[in-house]
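A.B. asks: Note that the protein sequences, when read in sequence, are chains A and B.
Following the numbering used here, the numbering of the first sequence begins with 8 at its first residue and continues without gaps.
Following the numbering used here, the numbering of the second sequence begins with 529 at its first residue and continues without gaps.
Be a bit skeptical, because a hint or two may be false.
Stated by the list, open to error - For lysine to aspartate or glutamate, the following EDC-like pairs were computed, each having C-alpha atoms within a straight-line distance of at most 16 Å:
# : chain 1 : residue 1 : chain 2 : residue 2
1 : A       : K477      : B       : D601
2 : A       : K479      : A       : D308
3 : A       : K479      : B       : D601
Keep in mind the hints are simulated off the structure, nothing from the lab.
A quick note: this is a predicted structure, and the numbers were derived from the prediction, not measured.
Each chain, written out:
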Amino acid sequence: MYRRERGLWLPAGIVLIGWALSLATWWSLISERRQAIVQSTDELAAESRQLVAKAVESQLAALDELARVWTVVGADPSDHWQAGVGLLRRSFPSVDYVAWVQPGGEVDRVSPASARSDPWLSTLAGAPSPSDATFIGPEREAGGSPSLRLLLPVGREGEGGLLAARIDLESQLGGILRGMSPGYALRVYWGDEVIFSRGEPSTNSWQEWWRVERSVELAPGLVWQVTHRPTDELATSLLTPIPHYLLASGLALWLILAALAHQLRITLSQSRFLAATNRALEERGDELGRAVDQRTRELEDVVSELRAFNQTVSHDLRSPLGAVLNFTAILEEDYRGRVLDAEGMEILGRIRRSAIRAARLLEGVLHLSRAGRVALDIAPVDLGALAREIFVQVRVAEDDDDVELVVGDVPAVAGDRDLLGDVLVNLFTNALKYSRGCEKRRITVAGRIDGDDCVFEVADTGRGFDMRFKDKLFGTFERLEAEHDVEGTGVGLAIVHRIVRRHGGRVWAQSEPGIGARFFFSLPRTQDAS
Amino acid sequence: MTRGAAILLVEDDRDEVDVALRALRLAGVDVPIEVARDGQAALALLGLEPDPFVTTPVRPSVVFLDLKLPRVDGWEVLRRLRDHPETASVPVVIVSSSDERDDVRRSYALGANSFLVKRFDEQGPGRYLAEAARYWLELNHPPPRGERA
Numbered sequence: 008m009y010r011r012e013r014g015l016w017l018p019a020g021i022v023l024i025g026w027a028l029s030l031a032t033w034w035s036l037i038s039e040r041r042q043a044i045v046q047s048t049d050e051l052a053a054e055s056r057q058l059v060a061k062a063v064e065s066q067l068a069a070l071d072e073l074a075r076v077w078t079v080v081g082a083d084p085s086d087h088w089q090a091g092v093g094l095l096r097r098s099f100p101s102v103d104y105v106a107w108v109q110p111g112g113e114v115d116r117v118s119p120a121s122a123r124s125d126p127w128l129s130t131l132a133g134a135p136s137p138s139d140a141t142f143i144g145p146e147r148e149a150g151g152s153p154s155l156r157l158l159l160p161v162g163r164e165g166e167g168g169l170l171a172a173r174i175d176l177e178s179q180l181g182g183i184l185r186g187m188s189p190g191y192a193l194r195v196y197w198g199d200e201v202i203f204s205r206g207e208p209s210t211n212s213w214q215e216w217w218r219v220e221r222s223v224e225l226a227p228g229l230v231w232q233v234t235h236r237p238t239d240e241l242a243t244s245l246l247t248p249i250p251h252y253l254l255a256s257g258l259a260l261w262l263i264l265a266a267l268a269h270q271l272r273i274t275l276s277q278s279r280f281l282a283a284t285n286r287a288l289e290e291r292g293d294e295l296g297r298a299v300d301q302r303t304r305e306l307e308d309v310v311s312e313l314r315a316f317n318q319t320v321s322h323d324l325r326s327p328l329g330a331v332l333n334f335t336a337i338l339e340e341d342y343r344g345r346v347l348d349a350e351g352m353e354i355l356g357r358i359r360r361s362a363i364r365a366a367r368l369l370e371g372v373l374h375l376s377r378a379g380r381v382a383l384d385i386a387p388v389d390l391g392a393l394a395r396e397i398f399v400q401v402r403v404a405e406d407d408d409d410v411e412l413v414v415g416d417v418p419a420v421a422g423d424r425d426l427l428g429d430v431l432v433n434l435f436t437n438a439l440k441y442s443r444g445c446e447k448r449r450i451t452v453a454g455r456i457d458g459d460d461c462v463f464e465v466a467d468t469g470r471g472f473d474m475r476f477k478d479k480l481f482g483t484f485e486r487l488e489a490e491h492d493v494e495g496t497g498v499g500l501a502i503v504h505r506i507v508r509r510h511g512g513r514v515w516a517q518s519e520p521g522i523g524a525r526f527f528f529s530l531p532r533t534q535d536a537s
Numbered sequence: 529m530t531r532g533a534a535i536l537l538v539e540d541d542r543d544e545v546d547v548a549l550r551a552l553r554l555a556g557v558d559v560p561i562e563v564a565r566d567g568q569a570a571l572a573l574l575g576l577e578p579d580p581f582v583t584t585p586v587r588p589s590v591v592f593l594d595l596k597l598p599r600v601d602g603w604e605v606l607r608r609l610r611d612h613p614e615t616a617s618v619p620v621v622i623v624s625s626s627d628e629r630d631d632v633r634r635s636y637a638l639g640a641n642s643f644l645v646k647r648f649d650e651q652g653p654g655r656y657l658a659e660a661a662r663y664w665l666e667l668n669h670p671p672p673r674g675e676r677a
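Looking at chain A on its own, in the form it has when it is part of the complex (with noise of 0.2 Å):
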């Protein structure tokens, strides 16, 4: 029967696959675009960190410089400090001034002389004097912006002094960074403090990936870390959402595979059950044009049956009748006012004779009649066992001793046990009449399997009968003998026939004239008893 397709697993497992070859997709074009973002993100903050360090350098070795200048020269030169500063500063804008401390730790000078006022000059009377140029910071003053301070030791042994800066770091990183890397957030930390910031980065999480972070070391211990972060306007113009697009795209598509495979599976069952059921169907053709034939078969059984029989009673049963009526005539002729001698004997005999034949044909008659009306049982039966059985009823009725019996092996069938008990009866019975007067009479029982049939034979060594007359044999009221030579009806053999074509199988005779017949009957295996 057809079974409507539930199973989803078909479609679930390409939805599954399909959605997974979609995000792999999705995910590489994500992490190619990430990779491509990071390595110039990657490269733009070595530019920086190149620059801000280039910067730095720079300006610490102007100060060496003007410290070195400073060393040779000596003394108070006003004028050379003046313009060695201005220089200074004018090449180094974010520097806000310069110093000039003594060993003593007492600010000699200050370029601009605004700057006295800084505190932090005023702390370094007695502080130790460090040995090698030093930064402090970074600062924050209240509402300003970050600063770093600078030591730098000056002068020969022992009578030295110290050069001390103050450079502003929002200038400083400003002029260099302000340009650079547009697009990026920009950040510079010294420790925690942010001492340059530039830009906004976006605020989408997703940007975490690109922010790459270099660290700058301008001198022992100052290291500043340059961040970069895509701002919201670069992430925008750089995500495109093709990728996006991309993944639902595949993400649909193979919804959509899914469901075709799932319609083509329902489409092809049903296909397959169409199949089937025309299969069935023809099937079913072929076992009703069976039925057919064989209801055909038994209703031409039937049709000649009925004709055999209209020939009986208008022949065969007329024939007995006739010979009553015409010896009797005959004996009433003959023997008018007379006692019957042993010729009106005769003549009785054979009105008895006849009368016993009349009888003998209403009973094969009857019993063909039987042979194809009654409902079959069908059981196991041992045929062996049957003819053993049959072999004595029918020698006993006949009153025929003189014959031998042999039964092979013959394979178990299923079947009617009364009726093939008389298909026995008959071929028995046929076996002693067409025998008689033979020697070494011997009917035989064998059997085997023939394909899909079971084939038993029933052999004798009588006379036989010539094999041109086959056709004939199992025909209603059929003899290939005269009445008067061997007794019978010519309904055995028919009868023999109905029932065995009842049972489904055939019935066929082979002889040689002098050796002895041969009759077959074939019962279909499919009523096998194993």
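Given chain A, work out where chain B should sit, using these hints.
C.D. replies: Here is chain B on its own, set in the frame of chain A:
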């Protein structure tokens, strides 16, 4: 060479044969009568079928032929008889217990000259047969040999 026989009676029922022979005798039909107990024997007697025991075929003046016979039926005998030039013109009287229309029609179609239905004759057993024999033997003028009647 053939044997001239007046009557060939083809009948398997011995009672019918005896009744017929008695009726012919009582009717004074005193001619040779050959009896065949089945169709094959009849064909053998007529020389239409090889038979080691029949050396000289019979050429009867009339054949009384039953239809329902063992081995070879009456129609087949009739057909073979008519097919053979030597026997094509022999008068054939069908004697059957059947009065079925089809049987009668078929018999004439195959060349039967007459069709008698077996009956109990109130005038005497087999009398109708004896009278038919006398007609064909004494009143009927047969065609020259070898020609169809």
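A.B. asks: Hints first: check each against the structure and report whether it holds.
C.D. replies: The hints, checked one at a time:
{"no.": "1", "hint": "K477/A x D601/B", "result": "14 Å, holds"}
{"no.": "2", "hint": "K479/A x D308/A", "result": "15 Å, holds"}
{"no.": "3", "hint": "K479/A x D601/B", "result": "11 Å, holds"}
Checked against the numbered hints above, the structure breaks none of them.
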